[in-house]
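Please put together the full structure from these sequences, using the hints given.
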Amino acid sequence: MSRMGAEALTVPPAPSSPKAAPEGAAGAIDVSAKRIRREHLGQLLKSWSFRIGGAVLLFWIVCAIFGQAISPYGPLDQNLLLVNAGPSGAHWFGTDSLGRDVLSRVIVGSRDILVIAPIATLLGTALGAAVGLVQGYFGGVVDNLVGRVVEAVLALPVIIVAFLFVVAAGPSTSTLIIVIGVVFALLISRTVRTAVLQERELDYVAAARLRDESSVHIMFVEILPNVLGPIVVEFTVRLGYAIFTVATLSFLGFGVQPPTPDWGADIAANSGYLAAGYWWETLFPALAIASLVVAVNLVSDSIEAVVNQ
Amino acid sequence: MARYVVKRLALALLTLFLLSIIIFFAGQILPGNPGRAILGPFAAQSAVRALDHQLGLDRPLVVQYWSWIWDALHGNLGTSYEYRAPVSSFLVPALGRSLKLAVVAFVIVVPLGILGGVVAALKRGKMIDRVITVTGLSLSTVPEFVSGIVLIVLLAIVTKVLPVTADAPPGSSFPTQLRYLILPAIPLVFILFGYIARMARAGTIEALDSDYARTAVLKGLPRRVVIWRHILRNSLLPTITVIATQTGYLIGGLVVVEDLFNYPGLGRLIFTAATDKDFPMLEAGVLVIGVVYLAATLIADIVYTVLNPRIRLGGSDQ
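These protein sequence lines map, in sequence, to chains U and V.
Read in this note's numbering, the first sequence has 188 at position 151, and its numbers run on one by one without any break.
Read in this note's numbering, the second sequence has 127 at position 95, and its numbers run on one by one without any break.
Simulated from the structure, these hints should not be mistaken for lab results.
Keep in mind that this is a model prediction, so the values were computed, not measured.
Glycine is no exception: its CB is placed at the ideal position from the N, C-alpha and C atoms.
Check each hint, because a few of them may be wrong.
What follows is a list of derived Cβ distance ranges for each label pair [stated by the list, open to error]:
#1 U/Asn181 x V/Phe57: 17 to 23 angstroms
#2 V/Gly157 x U/Ser134: 45 to 51 angstroms
#3 V/Trp102 x U/Val186: 20 to 26 angstroms
#4 U/Gly79 x V/Ile101: 43 to 49 angstroms
#5 U/Ala342 x V/Thr208: 45 to 51 angstroms
#6 U/Leu265 x V/Phe206: 33 to 39 angstroms
#7 V/Leu131 x U/Val258: 48 to 54 angstroms
#8 U/Asn181 x V/His85: 37 to 43 angstroms
#9 U/Ala342 x V/Arg255: 55 to 61 angstroms
#10 U/Tyr241 x V/Ile101: 46 to 52 angstroms
#11 U/Arg185 x V/Arg35: 19 to 25 angstroms
Residues from chain V that keep clear of chain U, each with C-beta distances beyond 10 angstroms, as calculated [said to hold, decoys possible]:
#12 Asp84
#13 Gln86
#14 Glu114
Below is the structure:
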């Protein structure tokens with residue numbers, strides 16, 4: 038399924054897109070949820086992509102938690118006698134244009150991205166699920182109106198929408214979280230809406246209506262648990278894309294501000310030295326981002342495979 | 033068929049109208065007063081007010097929106113605050129340069145992606161299928177500037193196969209210009225390859241499993257003929273849509289790639305306009321992106337309909 042949003046955000050109405058098929062109905066057959074969950078976990082642990090991705094992800098989480106405690110130098114410590122020095126025994130990843138240890142900055146730089154991306158994705162999933170539930174459940178005018186606005190905003194690339202918002206609000210951690218959360222909510226609402234449309238026709242919803250339950254109750258207590266499958270998949274898939282987006286916004290200068298170590302910002306700050314041959318200052322943060330996004334996607338892909346089978 | 037096209041066109045125009053409203057009012061939320069931004073922090077308040085009046089910024093928002101959209105429909109996209117010149121005189125050349133880069137990326141990725149997807153489908157479950165799928169998946173998740181950096185290090189610095197910048201020296205021949213555009217195009221190719229290959233693979237597998245493919249095989253047609261005449265035709269339909277819808281993504285990717293390679297295209301123009309708070313430039317640039325995207329999806333939908341008799345004759349559009 039869509040790994041990056043760019044595809045999902047542009048689903049045209051006409052073609053029979055196979056990926057739009059909702060998995061919602063699967064959740065309706067509830068044979069002891071606990072047992073299913075345990076089986077899922079067992080299958081996950083057996084999959085190689087989950088093991089490798091999980092190991093890399095765990096490594097970066099450890100770096101993010103311990104940061105300075107495990108980095109060889111302080112990420113802001115400058116050694117002006119050793120500027121733009123290549124990788125050596127003392128500085129494995131070399132030093133940057135201000136004489137700071139690149140390895141230490143890579144280790145500590147994992148923190149912000151690993152805080153911002155998951156929180157933003159969580160916010161986006163919660164908001165998107167709520168909007169999708171309302172759209173799918175009420176249908177009609179509400180659905181059309183919200184759908185049109187979502188369509189219009191998503192006619193722009195996610196990165197551009199995000200950076201316009203950040204320019205308006207000024208770059209800060211909370212802005213990044215809110216902006217990415219809101220944009221992702223638009224993407225996620227579509228998937229949830231499709232799933233809810235299927236659920237809405239089922240007997241248990243009709244029964245709840247006959248019991249005179251409130252709309253809020255039907256949406257969040259009756260329907261929500263049955264569309265959790267696609268929502269979980271959305272969360273894990275979007276998490277990889279959130280890391281992509283946070284890194285890109287930082288690179289463009291709309292994220293974490295210097296001198297705080299940050300992979301994207303460090304690459305932007307040092308890419309000018311590439312032509313001079315000082316490749317280690319940008320290559321190592323770049324490899325860090327690459328390893329993190331690929332790891333997250335390996336994990337989300339194996340989760341998706343298990344949930345959807 | 034005609035009704036379908038008209039309906040799609042009307043829908044696209046409605047979306048564009050909504051988008052223009054969103055862009056315009058988003059521009060109003062951006063902090064900073066344009067008159068103040070142009071005249072600088074030391075200008076007298078009365079001068080700022082006079083300039084705001086001259087720019088028409090003291091009129092009601094609805095009136096401002098209407099005159100903006102009316103001028104835009106007549107080809108006048110406004111005057112840049114930063115350069116004091118018509119926005120279109122910057123927008124058009126930038127759009128041309130971005131288009132050049134995008135075309136190079138598409139020319140590389142479309143055949144490659146389709147080939148990869150079809151090969152993966154024909155060798156379903158084999159090693160090569162796994163390799164193509166996992167590679168495509170991994171490449172499509174890595175941000176463009178990350179793969180761009182790795183490529184610069186490998187191709188421009190270590191091996192010196194390609195130039196580091198994207199913009200060829202003025203007056204260069206076409207092949208030279210092309211050579212300069214290959215390196216910046218590869219990060220875009222990386223991202224798109226996975227999508228196109230995945231769609232082509234899914235489409236081919238669906239076609240391979242279909243009754244008509246089995247009939248063709250049982251009829252005694254050689255495998256090669258079945259693949260070319262029966263399978264590819266059907267499997268490539270969804271791929272067309274993906275290619276069109278990826279135009280939207282591509283423009284987002286251009287912002288990043290153009291920034292990294294210092295290439296003065298549309299992405300860089302919008303980026304600079306946003307950081308300079310040059311609203312007319314920003315609004316026009318974003319509107320152009322929306323138009324390009326909606327046009328691309330509309331064309332894709334129509335092409336899809338023309339090629340697919342099931343929709344052409346059935347008339348379902350949802």
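Right, here's what the structure says about each hint:
For U/Asn181 and V/Phe57, the Cβ-Cβ distance of about 21 angstroms falls inside the hinted range of 17 to 23 angstroms, so the restraint holds. For the pair V/Gly157 and U/Ser134, the supplied restraint of 45 to 51 angstroms holds, since their beta-carbon distance comes to about 50 angstroms. Remark: the range hint 20 to 26 angstroms for V/Trp102 to U/Val186 is upheld by a beta-carbon distance near 23 angstroms. Separated by about 59 angstroms at the C-beta atoms, U/Gly79 and V/Ile101 break the suggested range of 43 to 49 angstroms.
The hint said 45 to 51 angstroms for the Cβ distance between U/Ala342 and V/Thr208, and at roughly 47 angstroms that hint holds. For the hinted restraint 33 to 39 angstroms between U/Leu265 and V/Phe206, the CB-CB distance of approximately 55 angstroms leaves it violated. In this structure the supplied range 48 to 54 angstroms holds for V/Leu131 paired with U/Val258, their Cβ-Cβ distance being about 51 angstroms. In this structure the hint that U/Asn181 and V/His85 lie 37 to 43 angstroms apart at CB holds, the actual value being about 40 angstroms.
A beta carbon spacing of about 30 angstroms between U/Ala342 and V/Arg255 contradicts the range 55 to 61 angstroms that was offered as a hint. For U/Tyr241 and V/Ile101, the hinted distance range of 46 to 52 angstroms is satisfied, since their beta carbons lie about 48 angstroms from each other. For U/Arg185 and V/Arg35, the Cβ-Cβ distance of about 21 angstroms falls inside the hinted range of 19 to 25 angstroms, so the restraint holds. No Cβ of chain U comes within 10 angstroms of the Cβ of V/Asp84; the nearest lies about 19 angstroms off, and the non-interface call holds.
With a closest Cβ-Cβ approach of about 25 angstroms to chain U, V/Gln86 is found to remain outside the 10 angstroms limit, as its non-interface label requires. V/Glu114, annotated as away from the interface, keeps every beta carbon of chain U farther than 10 angstroms; the closest lies near 14 angstroms.
The structure shown violates the earlier hints numbered 4, 6 and 9.
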